[in-house]
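Engineer: Fit chain B to the given chain A structure using the hints.
This is what each chain is made of:
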Amino acid sequence: MDDAELQKLLLATYADEAKENVENINTSLLALEAGVEDAAPVLEQIFRDAHSLKGASRAVEFHRVEQIAHHLEDLFSKLQSGALSVSGDVVDAALKALDAISSLNEYAAGGDEPELDDDAIIDLLSAAGAQQETPPAKTAAKAKTSKSPAKAKATAKPAADETIRVSTSKLDALMAEVGELLSSRIESEQRLVEVRGLNDQLAEADNALRKLRRLAERDADEELRETLGKVTEAFDQLRDGAEQLHQSTQSGARSLGQTIGRLQDEVRRTRMLPVSTILDAFPRLVRDLSRELGKQVELTVTGGSTEVDRAVLEQLKSPLTHMVRNSVDHGLEIPAAREAAGKNTQGTIRLDASQRGANLVLVISDDGAGINPDSVKASAVAKGLITQEQADAMSDREAVWLIFRSGFSTRVEVTDVSGRGVGMDVVREQVERLQGIIDVESQVGAGSTFTLTLPVSVATTSCLLVRAHDQRFAIPLTNAERILRPNDATIGSVDGRPAVVLDGRPLPLASLSGVLGLPHSNLTSDSALVVIASADRRAVVQVEAVLGAQEAAVKSLPHPLIRVTNFAGATIVGSGEVVGILNVADVLREAASGAGGIAVLTSDNQQASGEGDEQPAGAGAPAAVTQGTRALVVDDSLTLRTLEKAMLQAAGYEVLLAADGMEAWKLLQDTDVDVVVSDVEMPHMNGFELTKRIRDDARLAALPVVLVTSLNSTSDRQRGVDAGADAYVVKGSAEQEQLLQTLSRLT
Amino acid sequence: MRGMFDHLTAEQQRTLHERAQALSSVEDPASSTDEDLISVAILELPPERYGVAIQQISDIEPLRDVTQIPGLDKHWRGVVNLRGSMYAVLDLRVYLGLSAPMDAPAKPKIVRVRAANMEVGLLVDAVEEIEKVALNALTRPPRDKGAGHGDAVRGVTPDLLTVLDLDQLLSDPRLIVGSEEGA
Numbered sequence: 001m002d003d004a005e006l007q008k009l010l011l012a013t014y015a016d017e018a019k020e021n022v023e024n025i026n027t028s029l030l031a032l033e034a035g036v037e038d039a040a041p042v043l044e045q046i047f048r049d050a051h052s053l054k055g056a057s058r059a060v061e062f063h064r065v066e067q068i069a070h071h072l073e074d075l076f077s078k079l080q081s082g083a084l085s086v087s088g089d090v091v092d093a094a095l096k097a098l099d100a101i102s103s104l105n106e107y108a109a110g111g112d113e114p115e116l117d118d119d120a121i122i123d124l125l126s127a128a129g130a131q132q133e134t135p136p137a138k139t140a141a142k143a144k145t146s147k148s149p150a151k152a153k154a155t156a157k158p159a160a161d162e163t164i165r166v167s168t169s170k171l172d173a174l175m176a177e178v179g180e181l182l183s184s185r186i187e188s189e190q191r192l193v194e195v196r197g198l199n200d201q202l203a204e205a206d207n208a209l210r211k212l213r214r215l216a217e218r219d220a221d222e223e224l225r226e227t228l229g230k231v232t233e234a235f236d237q238l239r240d241g242a243e244q245l246h247q248s249t250q251s252g253a254r255s256l257g258q259t260i261g262r263l264q265d266e267v268r269r270t271r272m273l274p275v276s277t278i279l280d281a282f283p284r285l286v287r288d289l290s291r292e293l294g295k296q297v298e299l300t301v302t303g304g305s306t307e308v309d310r311a312v313l314e315q316l317k318s319p320l321t322h323m324v325r326n327s328v329d330h331g332l333e334i335p336a337a338r339e340a341a342g343k344n345t346q347g348t349i350r351l352d353a354s355q356r357g358a359n360l361v362l363v364i365s366d367d368g369a370g371i372n373p374d375s376v377k378a379s380a381v382a383k384g385l386i387t388q389e390q391a392d393a394m395s396d397r398e399a400v401w402l403i404f405r406s407g408f409s410t411r412v413e414v415t416d417v418s419g420r421g422v423g424m425d426v427v428r429e430q431v432e433r434l435q436g437i438i439d440v441e442s443q444v445g446a447g448s449t450f451t452l453t454l455p456v457s458v459a460t461t462s463c464l465l466v467r468a469h470d471q472r473f474a475i476p477l478t479n480a481e482r483i484l485r486p487n488d489a490t491i492g493s494v495d496g497r498p499a500v501v502l503d504g505r506p507l508p509l510a511s512l513s514g515v516l517g518l519p520h521s522n523l524t525s526d527s528a529l530v531v532i533a534s535a536d537r538r539a540v541v542q543v544e545a546v547l548g549a550q551e552a553a554v555k556s557l558p559h560p561l562i563r564v565t566n567f568a569g570a571t572i573v574g575s576g577e578v579v580g581i582l583n584v585a586d587v588l589r590e591a592a593s594g595a596g597g598i599a600v601l602t603s604d605n606q607q608a609s610g611e612g613d614e615q616p617a618g619a620g621a622p623a624a625v626t627q628g629t630r631a632l633v634v635d636d637s638l639t640l641r642t643l644e645k646a647m648l649q650a651a652g653y654e655v656l657l658a659a660d661g662m663e664a665w666k667l668l669q670d671t672d673v674d675v676v677v678s679d680v681e682m683p684h685m686n687g688f689e690l691t692k693r694i695r696d697d698a699r700l701a702a703l704p705v706v707l708v709t710s711l712n713s714t715s716d717r718q719r720g721v722d723a724g725a726d727a728y729v730v731k732g733s734a735e736q737e738q739l740l741q742t743l744s745r746l747t
Numbered sequence: 748m749r750g751m752f753d754h755l756t757a758e759q760q761r762t763l764h765e766r767a768q769a770l771s772s773v774e775d776p777a778s779s780t781d782e783d784l785i786s787v788a789i790l791e792l793p794p795e796r797y798g799v800a801i802q803q804i805s806d807i808e809p810l811r812d813v814t815q816i817p818g819l820d821k822h823w824r825g826v827v828n829l830r831g832s833m834y835a836v837l838d839l840r841v842y843l844g845l846s847a848p849m850d851a852p853a854k855p856k857i858v859r860v861r862a863a864n865m866e867v868g869l870l871v872d873a874v875e876e877i878e879k880v881a882l883n884a885l886t887r888p889p890r891d892k893g894a895g896h897g898d899a900v901r902g903v904t905p906d907l908l909t910v911l912d913l914d915q916l917l918s919d920p921r922l923i924v925g926s927e928e929g930a
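Line order of the protein sequences matches chains A and B. Residue numbering for the first sequence follows this note's numbering, beginning at 1 and increasing consecutively. Residue numbering for the second sequence follows this note's numbering, beginning at 748 and increasing consecutively.
Isolated chain A, as found in the complex (with noise of 0.2 Å):
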């Protein structure tokens, strides 16, 4: 390594340190402004810190920091001396001076030089050092400084953990081989199931060759008897070795199964960061435009360690951003307002991150005066996106929601420089292309929470395979909210053209295969309607079967078809085939324009009219399912289950959730369930194994039990038997149908 290399590695090795000092320095100071309990040992802290980036940038020569740090470390000696106080100018310049540093470790790793007066730092940090000259009688923290120099000590940081730097191109390049494995593994179990069919038919064949040799042993020929029994020893090998095939393939499929699933969730974990990665710089972000705008505001935020792809979490940074600008902004109101209508004069804004399935869920909520829907449909009206007579005809909680639509703020002003005048459209786009969902509720009075949901990964999406117009498309299951029935919807129509109401709001109808341009098909009570949902739309789609769930491998349509409309890409699935991955937001956009119109005629539903005003209709036959009675769904796959409760949920059950049989076990200790709804193959407990002790124990032994499962040869079905269940539903296009109706006769 020459010179200029080993110099490069240095910075940027200083660069990764220095981050860590400025950051924990910045999380102290904001911390003592707010106020601590016991000052002495983040003081003392902050001083080393200050300390250690100054030594740190002279041992690289980064004379730079050098400077600004020496005269941190400066402040900060006085503020530990007690000679100064924690004011907001102190902090203040501190942070500033923080800024700079950051700014400047940047360049040294590699970024753009910052425009930067080193100079005007400086006299800021001496200005707000020099400030308070007498000192205040300080002598009792002084003592607590001579007091606690073991509890300094104890405060030390903890050894980093070992890490090493790895470019995000190698990351990159092992994620998408990992996608690669993904379709051998959805390869090797099509093998076992075409294994299986092989198994089944060479059972059948052994039945005739049977029959065959009863009926030759009347007949006297000597060599025929001889021949067929050749023949029979030669197959009895041959059906041996399929049956060794069988284990053999099965045992394989499994291990690879099970080793391919981890290793990408091993490596998808690599990509992964905390939220807290981007959540860390909003204390500051708060606190600085509240001191800009006169406002008191706490921000709490909780589920930093929530884990998401780095590529999601880039482009989070800007949406959140907008939200917590707009809540201090528009949302809180100043003390003096606060006051007035009998709240705490200090505003509450709580971030909060957490995983559901393959989601990312953040929720940004404040106290402040919520969105007014009256000012929201003037300001529409005024902007000419809707007329004088919809936004009459609009319930308040539909006028909220016209806060996204394109052209809804000024875009005149918006710059993220500027940050305050960005509006909720400009968030909206962004969280469409990221394939997500925002939804909003508010209160007059007493405030706003806005809730995003984004997938987790990137490379791998879970889908929903549906069948339409005798294709099959997936459907990211982010974007798949819900699966009805039609005889458990509630249709009717909103301005000539078919909706469904769901929990109070009309959400347009249409047919996936209209909506994508080939012959539609009417409502029947065999469709089924996806719910689905992108950023701030939401419609249902009419499908002819939803065929189950499945995590693929996202590709790009390939060259030239660089954007196709209605498609995000495509998958390949385990029989070779490829699959299109819908672009919901496209889809929704059709599908409000009118497209995929669908005519909605069973014999239980009236006919869309051509009115103007809502029509629920009661739909269909009553469910058939009582109110309150609870499934218990075990299956081993987070996607299935998700994909099964919801699909129970549509049909009126109370669903809990097990990840496997011995989870399922202990749950049924102590929670009564009226149904189990099982897979077979699972960890730790298969599903025969928990039929077996749901019978053998005296408290559950009548309890119904369904197990749902790929296996589909008569020996498995025997043992399903055996072990006790009470049906047997095989995984496949009837599925869904099968089960609820087995469901129903057993509840």
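I should point out that these hints are in silico values taken from the structure, not numbers from a laboratory. The beta carbon of each residue, even a glycine, is placed where N, CA and C say it ideally should be. Hints are not guaranteed to be accurate.
Estimated spans, in silico, between C-beta atoms of each pair [unchecked claim]: (1) A:384 <-> B:815: 36 to 44 Å; (2) B:815 <-> A:652: 32 to 40 Å; (3) B:815 <-> A:666: 45 to 53 Å; (4) B:853 <-> A:180: 52 to 60 Å.
Structural biologist: Below, chain B alone, put in the same frame as chain A:
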């Protein structure tokens, strides 16, 4: 040449031809690097025959399981999985504006080609033989032949084989679906 081997099946003829190719190229390096002679595979779209440089051909596979993508122009048959990767399939007959054949082709093929910085599959009725074509013996096609794809045609041989320029053909901007801007 053709008359001599009429009693053989097309497959056998092709095999023999390929062997002849291989042998001739070993013994006579000069002629294989001769700029005026290129080896082409003959793509059949009866009644037309098209020649495509074999260097640009990656693979020939029987047509199977092409997934249609709704909303694409008619000349795109769909997307297919070949050896684990996805390729767009261009229906050459539709693209070149030829009329539909009298009988449906018995065993259509997808010819995976590499040209103009992309790899696509060309859907044709059949692939027969490989021939050496003298470029300087090509005649320019009449104006109307090629249905507006004049640039994509290099010329026509004396025995009415239309030699295609794949780089030109696949550079047709009309083939590009969507841009980065999106819908």
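Engineer: Which numbered hints are broken by the structure, listed smallest first?
Structural biologist: 4
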